[in-house]
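Q: Each chain, letter by letter, is given below.
4 protein chains.
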Amino acid sequence: MTKLLIDCDPGVDDAMAILFALNRRDAEVIGISVARGNCSAAQGTENALRLLKLAGREGEIPVCMGAAEPLYGLREDRYPTPFHGENGLGNIKIPASSQKAADEEVEDFLYRLALENEGEVVLIELGRMTNIARTVQKYPSFVKKIRRVVCMGGTVFAPGNSSPVAEANFYGDPEAIDLVMQQDWPLTVVGLDVTTAIHLYYDDLLKLAERCREDCKEEVKFLCDINVCYQEGNRRQNRMFGYFPLHDPLALIVALEPSIVNTRRMPARVECEGKLTRGMIVTDRRDHPFEGKNVEFCLEVNERKVLDILFDAFM
Amino acid sequence: MTKLLIDCDPGVDDAMAILFALNRRDAEVIGISVARGNCSAAQGTENALRLLKLAGREGEIPVCMGAAEPLYGLREDRYPTPFHGENGLGNIKIPASSQKAADEEVEDFLYRLALENEGEVVLIELGRMTNIARTVQKYPSFVKKIRRVVCMGGTVFAPGNSSPVAEANFYGDPEAIDLVMQQDWPLTVVGLDVTTAIHLYYDDLLKLAERCREDCKEEVKFLCDINVCYQEGNRRQNRMFGYFPLHDPLALIVALEPSIVNTRRMPARVECEGKLTRGMIVTDRRDHPFEGKNVEFCLEVNERKVLDILFDAFM
Amino acid sequence: MTKLLIDCDPGVDDAMAILFALNRRDAEVIGISVARGNCSAAQGTENALRLLKLAGREGEIPVCMGAAEPLYGLREDRYPTPFHGENGLGNIKIPASSQKAADEEVEDFLYRLALENEGEVVLIELGRMTNIARTVQKYPSFVKKIRRVVCMGGTVFAPGNSSPVAEANFYGDPEAIDLVMQQDWPLTVVGLDVTTAIHLYYDDLLKLAERCREDCKEEVKFLCDINVCYQEGNRRQNRMFGYFPLHDPLALIVALEPSIVNTRRMPARVECEGKLTRGMIVTDRRDHPFEGKNVEFCLEVNERKVLDILFDAFM
Amino acid sequence: MTKLLIDCDPGVDDAMAILFALNRRDAEVIGISVARGNCSAAQGTENALRLLKLAGREGEIPVCMGAAEPLYGLREDRYPTPFHGENGLGNIKIPASSQKAADEEVEDFLYRLALENEGEVVLIELGRMTNIARTVQKYPSFVKKIRRVVCMGGTVFAPGNSSPVAEANFYGDPEAIDLVMQQDWPLTVVGLDVTTAIHLYYDDLLKLAERCREDCKEEVKFLCDINVCYQEGNRRQNRMFGYFPLHDPLALIVALEPSIVNTRRMPARVECEGKLTRGMIVTDRRDHPFEGKNVEFCLEVNERKVLDILFDAFM
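Chains as they are written, first to last, in the working numbering: chain A, 5 to 319; chain U, 5 to 319; chain E, 5 to 319; chain D, 5 to 319.
It should be emphasised that the hints constitute simulated quantities derived from the structure, not laboratory data.
These numbers come from a predicted model, not from an experiment.
Watch out, some of these pointers could steer you wrong.
Pairs count within a copy or across copies, as identical chains cannot be separated in the list.
[As the list claims (entries may be wrong)] When the alpha-carbon atoms are kept at most 35 Å apart in a straight line, the in silico DSBU-like pairs for lysine-lysine are as follows:
#, residue 1, residue 2
1, LYS279, LYS225
2, LYS225, LYS104
3, LYS7, LYS279
4, LYS225, LYS148
5, LYS225, LYS211
Same shape as in the complex, but just chain A:
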């Protein structure tokens, strides 16, 4: 049983990732925190609470609202509504939950859960690193309580999506991710090198809705609904016709079934300045590299198997 602490910004693919996690019998989600990203922190927190209700887990898993803006304040920053809609969930409405968000600062929330499950927590990052960075700043010992960090974001060799060389989560708060990268914990980056290698066809999602477990029907129907918007965003901006990449769910799949990826550890930093390169991961593959923590990057992925794993959780 893997204890997952999920920091996110739900978000269509965050929603898919969370529902996937909740349906895995070998995973226990011990808490969810939210930061600004695909939508505002407040909207994302509301979305997380409603997702838990949809999955029949209302009141069971604590949810905490976190950073309303990046570590060092807002730059020009628009929400990716073409992908995630106005409400982060592809403009699809689901019933409100009676569960309330935790009455705690996100740093205290994350640190407390880490303490209560010391050495057991796999920390999953599906959005920007703002909440994690703030927790590390407030509680440097947080780092040692965590078993492993798996984060969706960035790219090493593949093209970026927010800029030619930067992925959205890293582009949105590069200072946060650079700080997190330089901590002494095992950090695995699940970036565009592998997430864009997965092509999820919308038609396959429709087929899943017909054939999934009875108690998942509502959730999978919801995934189909929210991905109408997501698919259209990918068509417009990435010219993908009928399919889209699999970002956030892949981070969870890597956390639970690490053998589906090939990885390489490289010393890495994040460019926080630069006119064309802000938010870019700089790996140093020279013979005498710069000082930088070795970070584990996912470079290759078993594409077919990822889709099998994703669908299987709902069957």
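Given chain A's structure and the hints, the job is docking chains U, E and D onto it.
A: Showing chains U, E and D alone in chain A's frame:
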């Protein structure tokens, strides 16, 4: 017969490239200009003149001293003496020439030669782009007079050598190369993706010295001598034992025998700011790329054949 | 904005290529000329005029009828009706246009448009090179007015389709293409090495018809209709079940988005004699190659992205 | 024990191949026939006789002089003296033999040996196919007596050496090889696709001369001597510095140790006309290929292992 106009900073591998060009029967070197890089512009100019004398071409090919510093002035900038020695030629001394450098500004020199050979000149860049950029600034119509530009420098996918992501020629004057890249001429970049794929073993150079044409003996002996320093620099900084990469000569080989490389055209800019990324080539491989000229990058090379071509010029 | 001058023989895949070009916002089609190939020159010209009407561009783009037979006259030469039907458009009828073909010889037509857009024209060849060759013969200076030539045809390493080693456009008029190849302009060949690497599934075309832009509905419906015949021809002769290769549209995609292919420049000629090899591209990859212009051949292609680009133009 | 009947044109690499065969314990050379190729038929016959004497096999293996010119007469045809010297053996002289050439027509010689060893003979072709073609013409039943034919020559994907697309043995008598290819026997072609993939360094041959078996010393010394010329020819014409390809010996290695190559069977013909393509192998990889016998072509080779096998025969 290909007319070559060579801008360079000699430099051990520049020297090898120039002697290679002078020994090709299908090439005519119509002029050499020099900028700061591997050594000072003055030292490099002196080196070029002496190289011509060594090759028995004293007084036949005009040499012009160009930019003493990068386009927008010097930043911290040390000469790469571990590779090229104090004098740029691996600390090897060769006799002075009676030929004097051209009494012209480098912009006038390059533009005049382009005019006199309109539509025929293949412009070879073996160092920083400072001289070319200044010529383009002074004479915008220079661009249309040139047949093709082939430049050694930069890297797309391979690690850099001046920084994790930047090659020395681009790192040394990124503003110049960015300006040159945005002009409307066919530009081929021969970067570390291909030059570091070539392994030139020092022992093979020694064998060449024994077996080369009689009238090349002195030149090849000189190449062996200057590469003692170059080899040692590569051993120390790049951990190459007994061999080294082939940078500048490859640009000439690509110019004369283009079929040895596979290339891809991509819209590209050069990062001129950035804490970690200054001098990096930013190619945009996204579906909706930024505005930028399509530049042709060499991505793969027939390694064995490159060495055959290099040696053959002296046999 | 890229100015395209299209020489073609419409033809099912020519029709797809032309409608693709007309729907690209970054391209301006400045003229269309037609030669014998997939159908007669007269039929092809009529098809081009009707295609423009279908696309709502009646009277806006000049169309010129060109060569009724190859450069040096007809050999045994059957129309490829199993692929393109009796009328070149898969036996599908569309309304006649009130626009008339230009009252000019094709050489005058092409040369005039090149002069009026000097240095800006990207010349696209989707059929045999007869019209271009005749223009070069009549106006040698035509070559210098053109920015770039991109031609669909030939094959370097892949099997041919008109013979074991020759593709149909080259097989149909080898003397014309050999003449064009030896001119001093940048020529990119988009041959079977890359076009047969693309698999366009008919079902994906049907999906496109459902989901495309409203103002494209009629055009995409037409593409579905004409490809019934094309698909059946490919099934019979190439044993492709449910899909077919993408020939002519790929030339336009390469012209507009060059980074989707990897290329190599090689000296090349076309065999105009030979019992088994007429129309074959002969590249010389020997160390001491024959005299021949360096031609740029597309050797590898990003397959998934090509289809994304194709579909996107109609969305 | 494999019975080898060798048709050849010695020739530096023929000599290496024959000495290799004579030193293999699992092979029995039952006869040698000679045709025009690397030198005249008369010179080649003399060379074969002297080689047998050098190997201590004088009088043991019959040698027959064959065709003095190609099947349908001479075209312009120069001996490759830059590779093989004036006498075919790199201008190296070895003692004459007391053995005389067989007093038979080559067709009778080959047919008789095939009859005497019916079903057992592996026919090795190291030169042009003239003698074999003439034997097939005179004795059509010859084909059925032979176990297998392995021939050095031609190229499928690699560049040619006599023309861009043709190898010397095929270029020298294309009608003969086309006739042989259309017979109903198992024919394996060992062409430039694999022979030029082998790089034999001259220095390794010198090392072999020091370390080989005592009774091979003279033979290996001889191989070193004749390859001085061969190496120089390869340097000049193929720009190979210090190494050369392994043509004829590879055919014998494939005959004796077939697992060192990957092969593909394809229907094939030889172009006998063509301005640029005479002597080219035309394989038909289309879905509905032409009529033509399936010929087995070697496409990939275990390079390191080939050299090991070659050297081992002399150790």
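Q: Give a verdict on every hint.
A: Evaluation of the provided hints:
1. LYS279 with LYS225: neither (42 Å within a copy, 45 Å between copies)
2. LYS225 with LYS104: within (25 Å within a copy, 52 Å between copies)
3. LYS7 with LYS279: between (40 Å within a copy, 31 Å between copies)
4. LYS225 with LYS148: Answer is neither: 40 Å inside a copy and 45 Å across each miss the 35 Å cutoff.
5. LYS225 with LYS211: both (10 Å within a copy, 22 Å between copies)
Checked against the numbered hints above, the structure breaks hints 1 and 4 and satisfies the rest.
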